[in-house]
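Participant: Once you've looked at the hints, dock chain W against the given chain L.
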Amino acid sequence: MTHLLLYTDPISEGYVILFTGLLIVFTSLVLLALIFNYGLPIMLYVYKIITKGKDKKISEIKVKGDSGFTGELSAVIGASVHMYLSEQHDIESGILTIKEVKKAYSPWSSKIYGIQNRL
Amino acid sequence: MKKLIIIFSALSLLIFMRPVLGLGTDINSATNASVATTQVDNFEEESIIDEALDGIKTFYSYTGFANSSSGNVIMIIIGIVFIYLGIKFDYEPLLLIPIGAGVIIGNIPFVAGNQTGIYETGSVLNYLYFGVVKGVYPPLIFLGIGAMTDFSSLIANPKLMLLGGAAQIGVFATFLGALYLGFNLPESGAIGIIGGADGPTAIFLSSKLANGVNVLADGTTVKNLIGPIAIAAYSYMALVPVIQPPLMRLLISKEDRKIRMKPPRAVTQKEKMIFPVVALILTTFISPSALPLLGMLFFGNLLKESGRTERLADTARTKLIDIVTILLGVTVGASTQADIFITKDSMLIFGLGAISFVIATCGGLLFAKFMNLFLKGDNKINPLIGAAGVSAVPDSARVVHTEGLKSDPNNYLLMHAMAPNVSGVIGSAIAAGIILSFLG
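So the protein lines, in turn, are chains L and W.
Numbers 1145 to 1263, taken from this note's numbering, label the letters of the first sequence in order.
Numbers 2 to 441, taken from this note's numbering, label the letters of the second sequence in order.
A hint or two may mislead.
Stated by the list, open to error - If you want the footprint, here are the derived chain W segments under chain L, 3+ residues with CB under 8 angstroms:
1) 159-165
2) 172-184
3) 270-282
4) 338-347
5) 433-440
Said to hold, decoys possible - Pair by pair, the computed Cβ-Cβ distance ranges are:
6) W:D379 x L:P1154: 45 to 55 angstroms
7) W:F9 x L:S1253: 21 to 31 angstroms
8) W:A218 x L:P1185: 24 to 34 angstroms
9) L:T1214 x W:G65: 53 to 63 angstroms
10) W:K255 x L:E1231: 30 to 40 angstroms
11) L:P1154 x W:L376: 31 to 41 angstroms
12) L:T1241 x W:G65: 51 to 61 angstroms
13) L:T1171 x W:L376: 15 to 25 angstroms
14) W:D91 x L:L1217: 26 to 36 angstroms
15) W:I49 x L:Y1249: 42 to 52 angstroms
16) W:D323 x L:F1163: 38 to 48 angstroms
17) L:E1231 x W:I7: 47 to 57 angstroms
18) W:L376 x L:P1185: 14 to 24 angstroms
These are computed hints drawn from the structure, not numbers from a lab.
Small disclaimer: the values here were computed from a predicted structure and weren't measured.
Idealized CB from N, CA, C, for every residue including glycine.
The shape of chain W in the complex, shown without the other chains:
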């Protein structure tokens, strides 16, 4: 303690001695040239205090306290809430904590022009944000997802693939809703994909359509909506356990919820190997614009299933996806800089996002009921798994599982729900490709 005081006083003495000894006069004369000529007499005494005050003033003008706006404060509070939700309720903590930290980082007030902020060219954050703007991160995430996903339940029961398509109604309905609210076509397309409940796809599509760079046919530039769309997509994905159960209870009767499905047949390794190759070729031939997403997804799955590239698959599903998730989460969070983020558009996007989630869930549930009309006896499906058709892997499948357990404690739906879940990923990527080919 004593040492500290001595060091501190020595330092402060040095600082105050400097102007007295005339070491700082050259700087002083440059800034206070006019003052110096008129007040020659008491120049020395005042300059010490003046300079100290000036220094403190400039320092203060650079601090966050001087530059903060109410928007910054609100966004920082939102960031803290994200972190709190992630830690306390375990809502997708791997996403919410990086994003929450990113929101705080992006909303620390700063003086523009020092290459600090995420939107200033040359700043470190801007370089990292490049991966979002150019759509580099989402395909890498898809590679990891592919290397993690087991498609066997889908191969065993291919008709469940339709449920993943049904949930894409949410995408197109929201697209229409956004059009009616006055967004232009590309922006609406990017907003609609929130209903796909797929963070990487949403970022990929918005970076292509609503990136603030593209110029429309009538000469207007599209708005930069990557931040709001990504935040909406990820926050609703985290809220899947809150949004979906009430809808399930509303639309599916108690008896239907108790339907037991027969266990999926065992799938051979060969089938698992054929699946990614065939699905890759087929889906990308239909929707080539989704190539970056679907190509990487099935490539990752091939790495996993080939049985020869376990090392590569292991890297893709652990280290690589972790690194990209960290970068993506923080930069997407930081892109919510208050002056750009807090707008009427963002609020509309949040509203539309919630509606699109509801529509997607309902679409999946109702389509599952509809399919049941044609299926008989043992083949009947439990309509709850329709809700897993919104991607949000694997959260929505888990929600279906727990809801199923509530009505029948011995009915394990997780394996069955994974099938529409992964087909939802494929479906939303195809939908993104279609929207991109129409509007890109």
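In isolation and in its complexed conformation, chain L is listed as follows:
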């Protein structure tokens, strides 16, 4: 590879990389798309056969029961929950209570012990 680079023109090498690169990116994404389009149902089916209804740990979202439940609906619910939580703070009681805190004496900001101590 490195020896080839010495003698070939970088531009033509560039074209090779251009086309093979694009081809590879596309094929890998197409493969991924195909697998998720056709392979995933098979995988889920196989999983179902293997476990045979033993799977109770993870509760499944029933797709058929919620066919009317679209992404928009869930977005609305999500937004309302978010707004409720973020504005919850505003519904606090307006009564302020200021309690006096008793502390042991500390001379850190004392006016008595200054540099120009004129008693």
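Facilitator: Below, chain W without anything else, positioned relative to chain L:
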């Protein structure tokens, strides 16, 4: 106030008393030995003023005012502009503000040799920059992105994955453009990845290819282009809301912009869990060089979707990614030290970066139109979402959404645009892997 004056005058008195009392003579004789022998008479008086002046002179020679060059000043102004853009227009403030601050930090003029600058071995900034040079930060960022991303829209509609591939045309076209402009192969590869619109990927690839260390077959060393490439990638990512809308309006007709897509089907939790594992295995088998990026991306997603590791996912998408973003932003910004950054190459890279963004966006849009030729009725896609194929998560998806709303106020494209958006991340990581395997 009075106290301050007293303290100050006491201190200054002490400082000026020192040479008079002969406390500083040993230092003085060492530096002014020749002067001392010839001017024995008025040695005492002059030494006070001399030393004070000398001190002030050396102090001045160490200040930024003495060492600043026009390049430093320009870069500091650019840094301030970055911060301004981030605050005022909200263009990716999480990136632009750390980078802007980093640009200012990196361009404060200093005297070399005191382990101050980012390029001096042993300086603190240099240690932090290590994560950029060795490509440590980008995979960690990808881990966080994986833990944040919801791939469900992609699982529901896998054909949208092709749009993420189409936008990678920008990467390879820029790669070719850089070759024609006279960059050598590895440098061009690193410049091309700007078109992937993915900051971490760009940094990762440039740290492997254009790091100023690698030696080519003909004996020349590659240039260090990490700074310019990272800055170009991040600044164009921040400018996505400016670059993309005109292209969308230019290429997509009004009717096409109004196409409504049917809502994606609900995706089960099991599918979401299978996705990262299968995608990890498949993509990294095809392009193993992208393993650090894709491995971490899908690992982060598995943490999110497994339902058992919520704590880890939470850390990855909040604290961890925040820490890495801070370090990455500041060090990348600081790496733009004027004497290294302001070159003809950097300007070329900025030009190429803009072109590659345009090509990537156009590639995505046109490919979406092309796909529409084969799709019928309900399945037709809104070509605007092709623009989200350049990664820039989630900014480009948001831009698509707002553009869609402009033509039809009830057409919500965000969910649909997220699919090409995340597949763009996968696509650009694969593209980076391919370039790396060809040229690394």
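Participant: Take the hints in turn and mark each one as holding or not.
Facilitator: Checked hints:
no.	hint	verdict
1	159-165	holds (count 5)
2	172-184	holds (count 7)
3	270-282	holds (count 7)
4	338-347	violated (count 0)
5	433-440	holds (count 4)
6	W:D379 x L:P1154: 45 to 55 angstroms	48 angstroms, holds
7	W:F9 x L:S1253: 21 to 31 angstroms	23 angstroms, holds
8	W:A218 x L:P1185: 24 to 34 angstroms	49 angstroms, violated
9	L:T1214 x W:G65: 53 to 63 angstroms	59 angstroms, holds
10	W:K255 x L:E1231: 30 to 40 angstroms	39 angstroms, holds
11	L:P1154 x W:L376: 31 to 41 angstroms	40 angstroms, holds
12	L:T1241 x W:G65: 51 to 61 angstroms	52 angstroms, holds
13	L:T1171 x W:L376: 15 to 25 angstroms	21 angstroms, holds
14	W:D91 x L:L1217: 26 to 36 angstroms	29 angstroms, holds
15	W:I49 x L:Y1249: 42 to 52 angstroms	49 angstroms, holds
16	W:D323 x L:F1163: 38 to 48 angstroms	40 angstroms, holds
17	L:E1231 x W:I7: 47 to 57 angstroms	55 angstroms, holds
18	W:L376 x L:P1185: 14 to 24 angstroms	21 angstroms, holds
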